[in-house]
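> The whole structure should be built from the sequences, with the hints applied where relevant.
The opening residue of the sequence shown carries number 1 in the UniProt record's numbering; numbering runs sequentially from there.
It is possible that some hints are incorrect.
Unchecked claim - Derived CB-CB ranges, DEER-like:
id, residue 1, residue 2, range
1, Leu-92, Leu-48, 20 to 28 angstroms
2, Asp-66, Leu-95, 14 to 22 angstroms
3, Lys-91, Asp-10, 39 to 47 angstroms
Unchecked claim - Cross-link-like lysine to aspartate or glutamate pairs, in silico, DMTMM-like; alpha carbons within 20 angstroms at most:
id, residue 1, residue 2
4, Lys-94, Asp-51
5, Lys-49, Asp-10
6, Lys-49, Asp-66
7, Lys-49, Asp-62
8, Lys-49, Glu-101
9, Lys-49, Asp-3
10, Lys-94, Asp-104
11, Lys-91, Glu-101
12, Lys-49, Glu-21
13, Lys-91, Glu-108
14, Lys-94, Glu-77
15, Lys-49, Glu-68
16, Lys-49, Asp-6
17, Lys-49, Glu-96
18, Lys-49, Asp-79
19, Lys-91, Glu-68
Derived by calculation from the structure, the hints in this document are not laboratory data. Bear in mind that the values here come from a model prediction, so they are computed numbers and not experimental data. Each residue gets a CB set at the ideal place from its N, CA and C atoms; glycine is no exception.
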Amino acid sequence: MADLVDSMLDLIRRLPPTRTEENVSLLISICPNYADDLLGSVDQPLQLKTDRATGREYLACDYNRDGESYRSPWSNEYDPPLEDGTLPTPKLRKLEISANEAFDTYREMYYEGGVSSVYL
Numbered sequence: 001m002a003d004l005v006d007s008m009l010d011l012i013r014r015l016p017p018t019r020t021e022e023n024v025s026l027l028i029s030i031c032p033n034y035a036d037d038l039l040g041s042v043d044q045p046l047q048l049k050t051d052r053a054t055g056r057e058y059l060a061c062d063y064n065r066d067g068e069s070y071r072s073p074w075s076n077e078y079d080p081p082l083e084d085g086t087l088p089t090p091k092l093r094k095l096e097i098s099a100n101e102a103f104d105t106y107r108e109m110y111y112e113g114g115v116s117s118v119y120l
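Below, the structure is given as structure tokens:
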């Protein structure tokens with residue numbers, strides 16, 4: 001099994017870096033059982049997702065990923081929906097909301113745009 005993951009990683013290293021996201025998706029479609037191993041080992045550009053409940057954009061990364069779903073810091077919901085996804089405790093969630101509000105204000109004041117996300 002480790003040989004298969006090593007082979008996939010070796011293949012990714014030899015393919016054009018501009019198509020990393022596409023190539024990783026293709027490998028996952030061929031070997032879905034190794035998706036977590038591959039996604040955890042290959043650096044990919046951050047993706048922007050839009051929260052369905054609030055309409056706000058957020059960063060999709062390893063810190064808010066559970067399987068193929070990503071948790072929004074704005075609504076605390078997974079996209080695509082995930083019934084048994086990991087959620088922060090109420091105390092951490094309250095802190096996460098405050099941190100997102102603070103970083104959102106900072107980002108807007110100093111960078112006048114962009115997207116920021118805080119995950120705890």
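> With the threshold set at 20 angstroms, check whether the alpha-carbon distance from Lys-91 to Glu-68 stays at or below it.
Given that 20 angstroms is the threshold and the Cα spacing comes to 26 angstroms, the pair is violated.
> For a C-alpha distance cap of 20 angstroms, please report whether Lys-94 and Asp-51 respect it.
18 angstroms, holds
> Quick one: are Lys-91 and Asp-10 within 39 to 47 angstroms, going by C-beta?
Given a distance of about 44 angstroms, which is inside 39 to 47 angstroms, the answer is holds.
> Taking 20 angstroms as the top limit, are the C-alpha atoms of Lys-91 and Glu-108 close enough?
26 angstroms, violated
> Could you grab the alpha-carbon distance between Lys-49 and Asp-6 and see if it respects the 20 angstroms cut-off?
With Cα atoms ~30 angstroms apart, Lys-49 and Asp-6 exceed 20 angstroms; violated.
> Given the hint that Lys-49 pairs with Asp-79, does the C-alpha gap stay at or below 20 angstroms?
Since the Cα atoms of Lys-49 and Asp-79 sit roughly 9 angstroms apart, the hinted pair holds (cutoff 20 angstroms).
> Verify the proposed pairing of Lys-49 with Asp-3, using a straight-line Cα cut of 20 angstroms.
33 angstroms, violated
> Checking one constraint from the list: CA of Lys-49 to CA of Asp-10, max 20 angstroms. Satisfied?
29 angstroms, violated
> Is the Cα-Cα distance between Lys-49 and Glu-21 20 angstroms or less?
Holds. Lys-49 to Glu-21 sits at ~15 angstroms (cutoff 20 angstroms).
> Hint says 14 to 22 angstroms; check whether the CB-CB distance for Asp-66 and Leu-95 agrees.
20 angstroms, holds
> Measure nothing beyond the straight line between the CA atoms of Lys-49 and Asp-66; if it is 20 angstroms or shorter, mark the hint as holding.
Distance of about 15 angstroms is within 20 angstroms: holds.
> Are the Cα atoms of Lys-94 and Glu-77 separated by 20 angstroms or less?
This hinted pair holds, its Cα atoms lying about 15 angstroms apart.
In summary, the numbered hints that this structure violates are 5, 9, 13, 16 and 19.
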